[in-house]
Each structure stands twice: as C-alpha cells, then as structure tokens.
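If you read the protein sequences in the order shown, they are chains A and B.
Take any residue in the first sequence, count from 1 to its spot, add 51: that is its number in my numbering.
Take any residue in the second sequence, count from 1 to its spot, add 3: that is its number in my numbering.
Everything labelled a hint here was simulated from the structure, so no lab data went into it.
Ideal Cβ placement from N, Cα and C applies to all residues, glycine included.
Accuracy of the hints is not assured; some may be wrong.
Computed Cβ-Cβ distance ranges for the label pairs, DEER-style [to be verified]: (1) B:T24 - A:E211: 45 to 51 Å; (2) B:R212 - A:D281: 52 to 58 Å; (3) A:N126 - B:D86: 38 to 44 Å; (4) B:P209 - A:R170: 44 to 50 Å; (5) A:N126 - B:T187: 52 to 58 Å; (6) A:D178 - B:P209: 24 to 30 Å; (7) A:R159 - B:T263: 25 to 31 Å; (8) B:T36 - A:R170: 19 to 25 Å; (9) A:R272 - B:E117: 37 to 43 Å; (10) A:S540 - B:P209: 52 to 58 Å; (11) A:R272 - B:P119: 42 to 48 Å.
Over the 12 Å line for every Cβ pair with chain A, so calculated as not near, a few chain B residues [claimed, not checked]: (12) L61; (13) G198; (14) G199; (15) V208.
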Amino acid sequence: MASVTDPVLECRGISKFFPGAIALDAVDLTLYPGEVHALLGENGAGKSTLIKCLTGAYRRDAGTIVLNNQEISPNSTQDSQKLGIGTVYQEVNLLPNLTVAENLFLGRQPMWHGFISQRKMMKMARDLLAEFGLSVNPAEPLSAYSVAVQQVVAIARAVELSGKVLILDEPTASLDRDEVELVFSVIEKLKARGLAIVFITHFLDQVFEISDRATVLRNGRVVGTRRLADASQTDIVTLMLGRQLEDRIHDRAPSVTGDKLIELTNFGKRGMITPFDLTIRKGEVVGLAGLLGSGRTETAELIFGAVQADQGDARLEGKKISIRNPREAVAHRFALCPEDRKSDGIVGDLSVRENIILALQARQGWFRPLPKAKVNELAEAYVKALDIRLASLDMPIRLLSGGNQQKALLARWLATNPALLILDEPTRGIDVGAHAEIIALIEKLREDGMALLVASSELEELVAYSTRVIVLRDRRQVCELAGDEITTSNIVAAIADEPMAEAV
Amino acid sequence: MIRSTHLPLLITIATFVLAYTLCASQYPAMLSTRVVANLLTDNAFLGIAAVGMTFVILSGGIDLSIGSVIAFTGVFLAVILRDTSIHPLFAFVLVLAITISFGAAMGAMIHYLEMPPFIVTLAGMFLARGAAYVLSTDSVPITHEFYDTLQSLYWKAPGGGRFRLTGIIMLLTFLAGIIVAHRTRFGQNVYALGGGLSTARLMGVPLARTTIGIYATSGGLAGLAGIIFSLYTSAGYSLATVGVELDAIAAVVIGGTLLTGGTGFVAGTFFGILIMGLIQTFIVFDGTLSSWWTKIVIGGLLFGFILLQKGLTWATTLRRKPATEFAAQS
C-alpha cells in the first residue's frame, strides 16, 4: 500500500566522513507516509550519524535529501524542525519545571492583547493531548508525570512543530512494558495520520511489533531494507551482525570442569535485568551473548556489585555471600575488566606501573603501601607475561595502544590473583594481533583453573573460548548452550528466534 | 485549583500570616494601618530590587551588583542635582538608562563569554561601588523642591497610616513583575532558562535576548530602587546599601523560589519582603532585643525554607504519576 504513494523523504547517497573514518557510505533511505521505519544496527553502525545528518546537527559530505519533492539541507535542528522533521530522544528534552501546556507551546503561546492567554493555552493543550489519548492535567508541571507521559508530550510537541517526519531515537529504552504500550499507541495514531516515523531501538521484539519496514546499517552502509511482514528475526539479526552462518568446528575445551565456584539464584534487579540463575565452576569460561542492550553488561556489573542486586542469593563455594559494592566483590576475589576502558578502567595520567598495581593496592588498603621492589617485580612480570609493549613502565598509560591498554588492565586484575574474572568486551577496539593474544590468554587462565565470565559481541570469539554460552535478550537469559551446541548459527538463532507471542 | 508548585508560595503566605498573628497577639498596635504603611515604605527599595532578583534567580543566575547599583544611583542623583540644574525627572531617566545598560552589559558577558553570573556580577558589584566612590565619598544631601513634592505625596488611611508614593511604586512593580513572569513570552523564557539551559536552547528559546533582558531588568529595577532609596533618605551616599543584594536573595528564597532556578513566584518574593520587614518591626516594638536578632531570625527562616524546598523536590519525584492509567484509555 505504501509503495503506490510518493515518498515523504528520500535520502540518496548520504555520506559523511570523519578524519580517518567513513561514518556513512552512500546511504539510501526512503520513507513513505504512514509507515514506521525501523533503523537498526549495532553500535557504530552509523544510525546516529545518519539521524544527525537528517536533522542538520551534522553537515553531510555527499548525497541529497528530498522532502516532499524539494531538496533540503538543514543547518540546524531548528531548521529541520521548521522544514517538518521532528526528533524525540531517549532522554526527554523538555523542561520539567514548566507545566505540560507550557512545554507544548513554549515559543508559540496563544496571545491575547499582547499577553499569553493561559486559559486558551490550557484548552489547546487538553485538546492536543486528547488526540494522543492522554488525559493529563496540562496545568501540572511536567515533572509530576512519568517518563512515558513526558515522552508522549515530547512527541506531541515535535509533531505539532514539524508534522511530516518524526524521528524517535530509542524512545522506549528507559520505559516499562506498560509505558511502552502507551508510546506505541501514540505511534499507531500518528501512523494513521500519515506521518513517516523513523524508529530506532535495540529491542527487536518492539521493531517487529510496530514497524512496517526496517533498514539495517552496518559499518556505515545499508546492508538491507526489508519489509518486516516478509522477514524473520533471524534474517534481521544476521544482517545486523553480518555473520556468515557457517559453522566451524573448534577444539572444544574439555567439559570436565572443577568445583562450583559461584552460584547465583534468582539474582536480578528491577528495571535492569530479569532475575536469573547462574553457576560458574572453576576452570570454566562462561560466555554471555546477545545484542547491545540485551543485558550483557548489566549481568557483569551486577555480579561485580557495581550495581547492587535487589533480589536473589549469591553463594561462593557453598557459603552465602553479599555483593553490595565492588569493594565486597574484590574482597571475594572477583575482578572486572569493564567495557569502556577509557572511562571506567584506566587512569590515563598515571603510569603503566601504577595502573597495574592499582587494584592490588586498593585491596591491601592505602595505608599499607606495597614495597617498591615488589611493585616493580609485579609490574615487570605481567608486562612480560602478557607481552605489553611499552617504552617504559613510567609512561602514562593513555599513550599505549588500545590493545596494550587492555592487557595492562587485565594485568591489574590478574595481579590480585582473582578467583572469578569478569571480562566485558575484552577485544573491543584492539588490533588483530592483540585480539588473538587475549583469546589465548583467556584459554590459558581457564586451564589454570580460574573461573571466567566473558561478555562479548564477537560471536566467533565466544564460540572459540567458551565452555558454555548464555544468550541474553531483552534483559533476560533466554537460552544456555553447552558443548557442541555452541556455534555461531545457534547463538544467532537463540538471539533472534523467540516466538513473538512469548515476548512480554 | 491548587498546583503542587504553588505549595512553597502557600507556605510562605502561611508563615507570614502566622508571624503577623503572633506579633499582633503580643502587640495589638501592630495591626494598625500605620504599621502596615511603614512596612511598605521602609521596604520599598528592597522590594523593588528583589523583583529583579526574582527574575535572575528564576533563570538560574544571581546578581550580586544590585546593592552597589542602588548606592551608585543615589550618589549619581545627589551629585547631578547638586552640580547641574537639570530636572530630577530627567535625571531619573538618565540614571535608569545607565543602570539598564549596565545590567544588559553584564547579561551579554554572561551569555557570550559563557561566564558564571556569580563572577560577572561580582565584578559589576565592585565597578558600581567604585563608580559611586569616584563621584563622591561623602554623603551628599539632595535638596530639590521636586523631591519635597514627591515625598509629600501620600494617601492617609483611617488609623493614621500614610501610604506613600514609594510604597505604591513597589506594589506596582510587584504587579508588573507578576504579569511579566506569567503572561509574557519573556517571562516563560526566564522559567525555561531556569529549567535547563541546553534544553531551552533545543526548544528554541532565544538565549541571548533572554539573558540580556533578565540582567537589564535586574539592573533597571536596582536603578529604580536607588531612586526610591534617595527619596527615602534625601541623600546619596556611596557607603549605603552594602549587602542589600543578600537581603534581596534572602527575600526571594523565603518567598519560595528555588535557588537553582526554574521554580518560584514573584508574589512569593513580596511575602518574603513582608516577613523580613515584620521581624524588624517586631524588634523595634519590643525595644529590648538587639537588632541583630533580625539577622538570626532571617538566618533561621532561610534554613527552614531551604530544607522545605529539598523536601518538596524529593516528594514530587516520589509521587510521579504513572502512565498506566492513561494507557488503558487510549
């Protein structure tokens, strides 16, 4: 039905270059009136760059944008808003201290003899919100309402200001299921009105629930546009991850493993991850697979106490323990290498040596400094063992390459001789050589009897070193693969192929 | 209809009523129109300056220069009326033009140089005070028949209270302030700025125009307060009104305006001024208490209102209205 009408917005060959990188490479995107078009892709695929080019936050380096048969080049978000392209972000960009009505009409209040007519504004606001199926009191401050209501108010304002194309950038990321229903009901209404809606999200179920078509980006290119009625979740996930679904047989690690190290039962936190059971044995690598936002990092942070669980029990070698904060986790000999090493891991201006002994020193207490000779001995031993390439132990760690920083971080935690090592994306952003070394290191640590939990988006990598793989989806564990079941195609199938009816 | 945001204002009014009742129960004479009239007259200049301060604080800023601007205005008027023969009305227009441009210049610096208002207006405070010293270090008396005429304008209420012109001007300023805050786009933009600078920019609020307008308003009202102060004292003195900006800030906060900006009412500031004036009047009536007790009570009140604000912010986030009840209807 959509194909017979003319498109509202047509992008042809949009390219955007950053120094040393091609963010968008000749991207095409066509939006028809009355369609919800999902824009999908893993982090860094180019979704947000494309949106920024569309809304004028970035200048595109090549390509054309045609809106209602007219070529446009918005210079700012204000510009694109006037042209008819409105955007609503995950974090609501409205003023919590103003009333709902004031937020809706800020800058274009109904005037009466040179003064704002509050009464008229309230009435207009009430009528407008009623169209969106929302019966809130427009005289209340926006902060009195939940994020979902605020989100709908933001959508209402964007539609009123623009009214042709609406871009929703992860509007449901921080909403509960009921609240998602509210936002979706509004999207359905706008669709019926003939708006073209771009929907960006990490939740695949939501994509299939509300969208008509989906465009998948990978590494700055469009890898496919699909009508969702004709596509399965597996197709989409395959497009997003770009995996050739051929199975390689790996030398499977022996499945005989040691004693139970840690046992988590019904462990979880509301709004972050659905309670799960997890047992990790000594000499075992448990892999965590799933799309971005599926709960990989959340699981890692919960076990390390970076975020405190609000339910469930944890047992360490059969004894009940509490993990309320990272200090307690470190005391239980847990270690976590975080995903974003720049902001969460390394202390850029401290020397490599200081970075390596940081965790050990912290565990020992700051009032009992490690002897200088011991520090040097430790740092040198790890630099050698992990083959960290550096000019001197005294150089600031920020000057090292990504792979070497990652190895230094690993060294920091290995120096504490952990019982459980949690790695979150251990190979992100490092070169191929370092990549292989880190994988080899993981296998060596496992053979030495350490328990490891590794979250990664690199499926081949997970297949290579995991003794078990747990697949997460929409913030809960959906499947566990062990032994010969661990193949990339099985993981992709588990990520994608849950019957939609079951999705809550 | 009572909004939850009205609560601080209602509490301020309740505090005032309670305080007045307590005062009147001890000294029934405090109910006379004479006391009421003096309350307005004595606090007229502070009230007018506090209206400007309310706008500044609502936008999330602060203006430390107003005490110095008031003193500068007084000295400027005294010197110009002593040394030249121009009419006071013309002198008023001249001094208002100066103080408005002074405020606008501070606003422009805050916006374009992205400097914290605290630092910019601190510099403004020293500049204005210094300019006043340069004009004259002594107290210069103002003797002009037009001043006498203005000072003799009053409405005598039954009971002997004299409602003077200065008090009336303060009331009119508050009225104008309330209308501007709630019935004009400028006023809404002030609240928007206080709610969040980057969000306000994204929503299309003209930041430069609004910021400059806010500090120009504050400067202009400080100028008007200076004129009223010179009518009140019949003199200009460069050492006068030191620390008045802090009194004005106290009145704004006691009036229920959030120091972080975005929430509050001009009307609240009016009651803040009245509460502060009332404490002073009570101490005068008592006669045995040191006048420093005024400061102690105001300090205590400020603490109370800051705690109250924290409590209210906390309470509103706790009872956020869920969306579920609306989802069912749609």
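Consistency of the hints with the structure:
At about 49 Å, the beta-carbon gap between T24 (chain B) and E211 (chain A) stays in the expected band of 45 to 51 Å. Checked against the hint of 52 to 58 Å, the C-beta distance between R212 (chain B) and D281 (chain A) comes to roughly 53 Å, which is consistent with it. Here the CB-CB span from N126 (chain A) to D86 (chain B) is close to 54 Å, at odds with the stated 38 to 44 Å. Here the CB-CB span from P209 (chain B) to R170 (chain A) is close to 26 Å, at odds with the stated 44 to 50 Å.
At roughly 29 Å, the beta carbons of N126 (chain A) and T187 (chain B) sit outside the given window of 52 to 58 Å. Take D178 (chain A) and P209 (chain B): their Cβ atoms lie about 28 Å apart, and the range 24 to 30 Å holds. At about 27 Å, the CB distance of R159 (chain A) to T263 (chain B) agrees with the hint of 25 to 31 Å. For T36 (chain B) paired with R170 (chain A), a C-beta distance near 36 Å fails the hint of 19 to 25 Å.
Roughly 39 Å separates the CB atoms of R272 (chain A) and E117 (chain B), a value that falls within the hinted 37 to 43 Å. As the Cβ distance of S540 (chain A) to P209 (chain B) is approximately 57 Å, the hint placing it in 52 to 58 Å holds. Checking the proposed 42 to 48 Å range against R272 (chain A) and P119 (chain B) shows it holds: the Cβ atoms sit about 45 Å from each other. At roughly 9 Å from the closest C-beta of chain A, the C-beta of L61 (chain B) falls inside 12 Å, breaking its exclusion from the interface.
A beta-carbon of chain A comes within 12 Å of the beta-carbon of G198 (chain B); the shortest separation is about 3 Å. With a minimum CB-CB distance of about 6 Å to chain A, G199 (chain B) fails to clear the 12 Å threshold, and the non-interface call is violated. Non-interface status of V208 (chain B) relative to chain A is broken: a Cβ of that chain comes within 12 Å, the nearest being about 7 Å off.
The structure shown violates the earlier hints numbered 3, 4, 5, 8, 12, 13, 14 and 15.
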